[in-house]
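Q: Can you make the complete structure from the sequences, with help from the hints?
Chains as they are written, first to last, in my numbering: chain A, 590 to 909; chain B, 2 to 280.
By construction, these hints were calculated from the structure, which means they are not laboratory data.
Be careful, since some hints might not be right.
Said to hold, decoys possible - Cut-off 30 Å, straight-line C-alpha distance, at most; resulting in silico cross-link-like pairs (DSSO-like, lysine-lysine): (1) Lys182/B with Lys99/B; (2) Lys99/B with Lys230/B; (3) Lys877/A with Lys230/B; (4) Lys810/A with Lys11/B; (5) Lys795/A with Lys810/A; (6) Lys11/B with Lys795/A.
As the list claims (entries may be wrong) - Now the in silico label distances, taken between C-beta atoms and shown as ranges: (7) Ser653/A with Val30/B: 38 to 46 Å; (8) Glu711/A with Leu20/B: 15 to 23 Å; (9) Val30/B with Ile637/A: 42 to 50 Å.
The C-beta atom is built at its ideal place from N, Cα and C for all residues, glycine as well.
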Amino acid sequence: MASASLTAPKVAKRRASSLGDRIFAMLCQAAGILVLILLGALIVELFIAGLPAFRAFGIAFVTSTDWDPVRELFGAGVSIYGTIVTAILAIILAVPLAFGVAFFLTELAPPWMRRPVGTAVELLAAVPSIIYGMWGFFVIAPAFAQHVQPFIIDTVGELPVIGALFQGPPFGTGLFTAAFILAIMVLPFIAATMRDVFEQVPPVYKESAYGLGATTWEVMKGVVIPYTRVSVVGGIMLGLGRALGETMAVTFVIGNANRISTSLFGPGNTIASLVALEFGESEIGSLKLASLLALGFILFLLSFAVLATSRYLLRSRLKA
Amino acid sequence: MAARLGQRRKWADRIMRALCISATVIGLVLLASILATLFYRGFEAMSLRVFTHITAPPGSEGGLLNAIVGSLIQSLLGTAIGTPIGMLVGTYLAEYAKNSWLGNAVRFVSDILLSAPSILIGLFVYQILVLPFGGFSGWAGVAALAIIVIPIVVRTTEDMLQLIPNTLREAVVGLGAPKWKMIILICWRSAIAGIITGVLLAVARVAGETAPLLFTSLGNNAWSTDLSKPIASLPVAIYSFAGSPFEDWIALAWAGALLITLGVLGLNILARTLLRSRI
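A: Quick look at the structure:
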């Protein structure tokens, strides 16, 4: 009897708290599922919205280079080309710089210098895209048109095979300028990943190499890079994923022409810049709007593939 | 022979060091160039008028008041909606679903959303909120920004909760507290500095977002704080002014660019120092 009266309130109380537990757990799980639904809905909505374009042009939509609102002919070829070329060129420009920054921050810089320099490089990632666009349009493009591009055209442009990539009038804007701006924008992401994985190399490995008489560079080349290779590639893919979808900065400097030029100095467009520019001039329900949303769907597939690969390669770092 | 090899290795080392130092210097010079341009062109155009007048046709005395207010409303509301959802998701990942398949799926999707092109989020919200509800609206802009905020808060919340030692959790549960009390009263409280950092970074990120707002809140040259109608925002105003052929609009765009960059970088530095002082 006595024991029953002792335990009775306890049971009731535990039930109340387990109800609270269940509600809270359900809230958390529901929020998690909401995130899944968000991405799922994003894919489905973009696909459905782009469906009229896929229906009208079939698979040829991806390769067609038309963009003719008057004749209602739309194709994604030029903007896919521009997106991939600028993103890859940006990575080619950004990786050596990012590697240098990461090497400097982990091995070369005196300790007092690491934090301010690291923060400054990370602040590059915080500057809004539109600021890069204005800076690129008003500062970089004129400088490129007057100094950098004429110089490259006169030197590299004269070379036999790769010379074709660097010819034509120096507009200042174009694929190359867009790639240059993108390179600066993805630099901090790649550098931060590289620095983080370089720091995870066990000191014993590096010390044994130093003990054998290796120089700093040899330790980097022979120990740190082989040890972190997979994660470094993951960091580069992360940068690539970011570069594919950049909108505002590219819109300002790419020149916005729907043609594929052999020269990197020629104007072009990317999926994101085309959508940003043409969206305002499309009527609801028109084939043009559907084509733009279909472009969005293609961009999503591209960046999803790249980002998923990046995350797979970085999984060891995420676990640590 | 050996001496020559040693010399070569030393030179290779010196050259690589020099190259890496120059790479860092290039990075810093680029940041300095951006900031110098902004300060030079921004301060030239800055005046009290920027804060007291709304956007006006070229040639007439205009400012950016409506864009500043619109940006503040949308960024703060977007963060206010996205933060609790992000915190719950982060809590789910760290406290409930460490190794379950659902947890891994949510973590994966959240990381994809974190780096996904923001223009796609704008298109998505256009499809689900602008088209069905008859037009561009401030609420659609807020929703787009909230979607961008969620993964940022998820990442920091999960990371911060993982830093809390398990002994602390065991002590709380050992005292008989239910799990939800343990999470809210102990875990969240211990992680609060980190979570606030994440929220500040999220505000900084959405305050500079342009692409998703182009398709959702559109921008508005008149004074309006009505969220059911198109509403102005600083980045969209900068975008349309900077691309115009009018000198005074371009000057205003620079003033706006300076404002937004100062705000965003200030928030970033504040978030970093806040986190550092607590760890």
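Q: Now tell me, hint by hint, if it's right for this structure.
A: Hint check results:
1. Lys182/B with Lys99/B: With Cα atoms ~19 Å apart, Lys182/B and Lys99/B stay inside 30 Å; holds.
2. Lys99/B with Lys230/B: 42 Å, violated
3. Lys877/A with Lys230/B: 25 Å, holds
4. Lys810/A with Lys11/B: Holds. Lys810/A to Lys11/B sits at ~14 Å (cutoff 30 Å).
5. Lys795/A with Lys810/A: Answer holds: Lys795/A to Lys810/A is near 11 Å, not above 30 Å.
6. Lys11/B with Lys795/A: Holds. Lys11/B to Lys795/A sits at ~18 Å (cutoff 30 Å).
7. Ser653/A with Val30/B: 38 to 46 Å: For Val30/B against Ser653/A, whose Cβ atoms are near 42 Å apart, the range 38 to 46 Å holds.
8. Glu711/A with Leu20/B: 15 to 23 Å: 22 Å, holds
9. Val30/B with Ile637/A: 42 to 50 Å: 47 Å, holds
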